[in-house]
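Colleague: Numbering (my numbering), first residue to last: 1023 to 1163.
Just so you know, not all the hints are guaranteed correct.
Under the rule of at most 20 angstroms between Cα atoms (straight-line distance), these lysine to aspartate or glutamate pairs were calculated in the EDC-like manner [stated by the list, open to error]: (1) 1154 - 1139; (2) 1154 - 1025; (3) 1154 - 1130; (4) 1055 - 1084; (5) 1055 - 1130.
Just so you know, the hints here were simulated from the structure itself, not pulled from any lab data.
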Amino acid sequence: MIDNVEWYEDYAHHPTEIQYTLEGARELYPEAKIWALFQPHQATRFECFLDDFANSFANANEVLVLPIYSVREDEWAFPSDLRQQLVREIRRTNPSTRLIEFDAAIHDLPQWIRPGDVVVSLGAGNNDEIGKQIARTGVIV
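Using the sequences provided together with the hints, build the complete structure.
Modeller: Right, here's the structure in full:
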């Protein structure tokens, strides 16, 4: 918990895992505003399951898409707009979806989230550093 905001880190990096994690958050906090902070893992997987990823965020009120965490692959071999494609697809059902960079997440999230909100950080990359940085430096306003 960071300043009365429930903050969860989850290794979920497959659409089904994300869906179930957010369903669980919604069951635990039916009235809360749920923020999904998602870092795609592996451009190959991300591109292959793009439509499934788009459908996995139904239980989030806000979706923030971080840069792709690419390991063992050349990120330049994939379309540069993969994240934007995901944002467009999610916005069909959830208009509160946007791209965000790491520094912006660390700086802006403490200003956006409010006591009683729930943040679920999803991914197999280094997205857990955002919560750690906010816990050290940020005060939820």
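Colleague: Which numbered hints does this structure break?
Modeller: The structure breaks none of the hints.
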